[in-house]
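Protein sequence lines correspond, in order, to chains A and B. Numbers 1 to 354, taken from my numbering, label the letters of the first sequence in order. Numbers 355 to 695, taken from my numbering, label the letters of the second sequence in order.
Honestly, the hints are just simulated from the structure, not real lab data. Glycine included, each C-beta is placed from N, C-alpha and C at the ideal position. Be careful, since some hints might not be right.
[To be verified] Listed next, with one range per pair, are the computed distances between beta-carbon atoms:
{"hint": "1", "chain 1": "A", "residue 1": "Glu316", "chain 2": "B", "residue 2": "Ala491", "range": "56 to 66 Å"}
{"hint": "2", "chain 1": "B", "residue 1": "Ala551", "chain 2": "A", "residue 2": "Asp220", "range": "54 to 64 Å"}
{"hint": "3", "chain 1": "A", "residue 1": "Asp353", "chain 2": "B", "residue 2": "Gly666", "range": "26 to 36 Å"}
{"hint": "4", "chain 1": "A", "residue 1": "Leu325", "chain 2": "B", "residue 2": "Ala491", "range": "52 to 62 Å"}
{"hint": "5", "chain 1": "B", "residue 1": "Ala491", "chain 2": "A", "residue 2": "Ser23", "range": "19 to 29 Å"}
{"hint": "6", "chain 1": "A", "residue 1": "Glu327", "chain 2": "B", "residue 2": "Val531", "range": "45 to 55 Å"}
{"hint": "7", "chain 1": "B", "residue 1": "Val670", "chain 2": "A", "residue 2": "Gln26", "range": "45 to 55 Å"}
{"hint": "8", "chain 1": "A", "residue 1": "Val214", "chain 2": "B", "residue 2": "Asn455", "range": "22 to 32 Å"}
{"hint": "9", "chain 1": "B", "residue 1": "Ala539", "chain 2": "A", "residue 2": "Gln128", "range": "15 to 25 Å"}
{"hint": "10", "chain 1": "A", "residue 1": "Pro260", "chain 2": "B", "residue 2": "Asn455", "range": "45 to 55 Å"}
{"hint": "11", "chain 1": "A", "residue 1": "Ala132", "chain 2": "B", "residue 2": "Val664", "range": "20 to 30 Å"}
{"hint": "12", "chain 1": "B", "residue 1": "Gly509", "chain 2": "A", "residue 2": "Asn274", "range": "25 to 35 Å"}
{"hint": "13", "chain 1": "A", "residue 1": "Asn186", "chain 2": "B", "residue 2": "Asn455", "range": "43 to 53 Å"}
[Unchecked claim] Counterexamples of contact, computed for chain A against chain B with all Cβ distances above 10 Å:
{"hint": "14", "residue": "Asp24"}
{"hint": "15", "residue": "Gly81"}
{"hint": "16", "residue": "Gly173"}
Below, each chain spelled out in residue letters.
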Amino acid sequence: MRHTALLAGLVLMTAACGGTTRSDVQQQQSSAPATAASSAAANPNAPLKQGLKIAFLPKQVNNPYFTIADNGGIEAAKEFGGEGKEVGPSEASASSQVSYINTLIQQEQDAIVISANDPNAVVPALKQARAAGIKVVSYDSDTAPEGRDVFVNQASPEDLGRTEVQLLAEQIGHKGKIAILSATPNATNQNTWIEFMKDELKKPEYKDMELVKVAYGNDDDQKSFTETQGLLRSYPDLAGIISPTTVGIAAAARYLSDSPYKGKVKLTGLGTPNQLRKFVKDGTIDAFELWNPADLGYLASYAGAALASGQITGAEGEKFKAGKLGEYTIGAKGEVLLGKPTVFNKDNIDDFDF
Amino acid sequence: MTTDQLRQSPTTDQLRQSATTDLLRRWETLILALLVGVVVWASLGVDGFANGSNVSFLLLDTTEIALMALTMTLVIVAAEIDLSVASTLGLSCAVLGWLWNAGLPIEAIMPICLLVGALCGAFNGLLVTRLGLPSLAVTIGTFALFRGLAYVMLGDQAVADLPPAYTSLATASIGPVPLMTVLVALLAAVAAVVLHATGLGRSIFALGSNEEAAYFSGVRVKRIKFWLFVASGVMASLASLVYTFRYASARADNGVGLELAVVAAVLLGGVSIFGGRGSLPGVLMAVLLLGVVRNALILADVANEVLNFVTGLLLVASVLAPNLGAVWRRRTSPQMEGKSP
């Protein structure tokens with residue numbers, strides 16, 4: 001007890017004497033000069049170097065999504081005469097990637113392509129990598145900006161929101177009541193997408209479509225299932241549902257496939273082919289969308305090669321070629337956008353395994 | 355006085371004692387040989403291993419495991435176990451992040467974190483010593499409890515805007531030797547002296563090999579065990595400070611799964627899972643051995659599954675080998691027959 005009191009006293013004393021607080025750090029950071037842009041100039045005409053070593057560091061290995069993305073990247077490396085490989089932890093924990101970054105520095109890789117488990121925990125190690133001359137590309141999940149040269153973004157929120165409305169409108173003939181089955185009411189991603197959906201719906205071609213309700217399944221399978229049930233009870237004349245979450249769309253598809261609404265109420269949104277294959281085949285879903293992970297890895301690989309060859313430095317407006325995907329331009333904050341999402345339907349779904 | 359009484363134990367026990375000491379020495383020699391062997395192999399055969407910066411990565415990567423292994427050694431020698439260390443680490447990280455967000459100065463937060471670690475340890479210690487519950491069950495419970503509390507405090511939020519002065523301190527090094535490794539070395543020296551050169555250390559060994567006998571020879575069994583759990587908690591929160599500053603990220607899921615790495619290192623270091631036997635130098639060598647093997651295999655691009663397999667194999671071997679030895683001794687020495695547990 002005595003010790004505890006003593007310790008508590010000490011703590012209070014230190015607190016009273018001041019020390020480093022959060023606001024101190026924020027002040028320091030705001031008064032510090034903004035990090036200077038890379039001094040090296042880009043040479044857009046530089047050829048891609050041969051024998052570039054490009055390492056993919058996914059959130060975790062043995063995850064089908066990343067296996068496909070990284071194989072896409074390794075494939076790209078073969079095209080430009082480089083050498084790609086995938087390394088990484090078997091569990092997606094915050095700091096497990098750091099020791100891999102450190103070993104990649106030792107191996108003197110030319111570029112690291114990383115999907116960060118923790119946007120901040122990897123930054124000190126990535127800074128060391130960059131100081132050692134290694135180019136860093138983040139894909140799928142960005143790091144804090146000071147940790148990487150370029151971020152390859154799989155899809156812009158605007159594209160995702162608008163294309164989902166376009167996809168559903170096509171399926172229901174631009175006519176009828178529609179509903180959205182989202183994740184949680186405060187899910188940042190979903191809410192941004194829904195804002196763009198609402199904006200898209202204001203266009204004249206959707207004048208006969210009416211958004212009647214946004215339901216929330218909380219990304220819980222059971223809740224999403226009952227919410228879908230509830231939607232159809234309240235609006236038996238519903239024409240279609242958009243579910244911009246992989247959990248929601250799967251639960252809604254399961255409900256619809258066993259109900260009289262199967263095939264009549266159209267369902268679309270974001271999902272993975274493996275999860276929705278049987279619903280596409282049995283006619284519950286006509287088409288849904290997601291970015292193509294293989295293309296994501298492929299583009300990230302070319303971005304790494306372009307950086308390592310001096311074609312680009314990561315500044316806004318620079319252009320580089322990414323093999324079969326064509327030419328890309330670096331946008332604000334060093335972001336490269338993969339492009340419009342891929343639409344999956346019964347004709348192409350068997351080409352994808354993730 | 356108590357130690358004198360302990361020394362006058364029956365002859366068979368003395369025999370067993372010297373036999374196990376021999377065995378331990380042999381085991382430590384084996385680990386040392388293995389460590390030297392792996393280092394030589396990796397320096398010659400793995401590109402980038404012998405690099406100065408790689409050596410400092412390697413040492414830095416073992417910091418938290420080494421810190422927690424120090425007190426875990428004492429706890430396991432006392433025939434108990436603390437599986438809640440990594441969760442205590444996580445809770446302490448969450449407290450740090452939460453208080454930092456609340457605007458407290460970091461210099462005040464750090465002692466609070468250590469206090470939180472001490473409280474976690476005291477909670478384990480009370481349940482084990484006052485209620486007489488097995489520490490395996492208690493710390494599996496608090497393993498979930500502390501981690502759960504951490505999530506309640508911080509959710510899936512990451513607190514990252516920590517003061518650069520401290521984050522750079524956590525990764526700083528003197529030549530190839532990280533500052534944090536110096537900290538580990540100092541604490542290891544303290545723990546080694548306590549365990550191997552004080553009456554307290556002898557009491558820990560005594561209560562680990564036979565709690566009842568130790569109790570009747572005047573060892574304050576419950577008090578020692580209680581404080582061992584407190585020490586384990588404090589060390590886990592100290593590790594949490596190193597972890598948070600090293601990765602510049604305070605999260606509720608910091609250090610998930612580290613308890614297994616800690617227990618693995620302690621057992622591989624020759625500490626008996628049944629208590630009463632072990633040494634700190636052995637444990638430190640094992641921490642290094644596991645770190646070197648991991649680092650070298652990753653550098654050599656060995657897949658993660660193989661890595662886990664090799665680590666698991668070393669661990670099983672470390673639990674199996676001493677016991678095989680014991681079985682063999684029982685079979686060959688007739689006077690020990692009937693005394694086996």
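Evaluated hints:
The beta-carbon spacing between A/Glu316 and B/Ala491, approximately 58 Å, falls within the hinted interval of 56 to 66 Å. Distance hint for B/Ala551 and A/Asp220: a CB-CB separation of about 57 Å, consistent with the stated range 54 to 64 Å. Range check, A/Asp353 to B/Gly666: Cβ separation about 30 Å, and the 26 to 36 Å hint holds. In this structure the hint that A/Leu325 and B/Ala491 lie 52 to 62 Å apart at CB holds, the actual value being about 56 Å.
Under the hint 19 to 29 Å, the C-beta atoms of B/Ala491 and A/Ser23, about 45 Å apart, miss the expected range. A C-beta distance of roughly 49 Å is found between A/Glu327 and B/Val531, which places it inside the suggested range of 45 to 55 Å. Separated by about 50 Å at the C-beta atoms, B/Val670 and A/Gln26 satisfy the suggested range of 45 to 55 Å. Between A/Val214 and B/Asn455 the beta carbon distance is about 31 Å. The supplied range of 22 to 32 Å therefore holds.
As the Cβ distance of B/Ala539 to A/Gln128 is approximately 24 Å, the hint placing it in 15 to 25 Å holds. As the Cβ distance of A/Pro260 to B/Asn455 is approximately 51 Å, the hint placing it in 45 to 55 Å holds. At about 28 Å, the beta-carbon gap between A/Ala132 and B/Val664 stays in the expected band of 20 to 30 Å. Checking the proposed 25 to 35 Å range against B/Gly509 and A/Asn274 shows it holds: the Cβ atoms sit about 30 Å from each other.
One distance hint, 43 to 53 Å for the beta-carbon pair A/Asn186 and B/Asn455, is violated here, with the actual separation near 18 Å. In this structure A/Asp24 is not separated from chain B by more than 10 Å, as the shortest Cβ-Cβ distance comes to only about 7 Å. The beta carbon of A/Gly81 sits about 20 Å from the closest Cβ of chain B, which is more than 10 Å, so the claim that it is off the interface holds. The Cβ of A/Gly173 lies farther than 10 Å from every Cβ of chain B, with a closest approach of about 41 Å, so its non-interface assignment holds.
Of the numbered hints given earlier, the model fails hints 5, 13, 14; all others are met.
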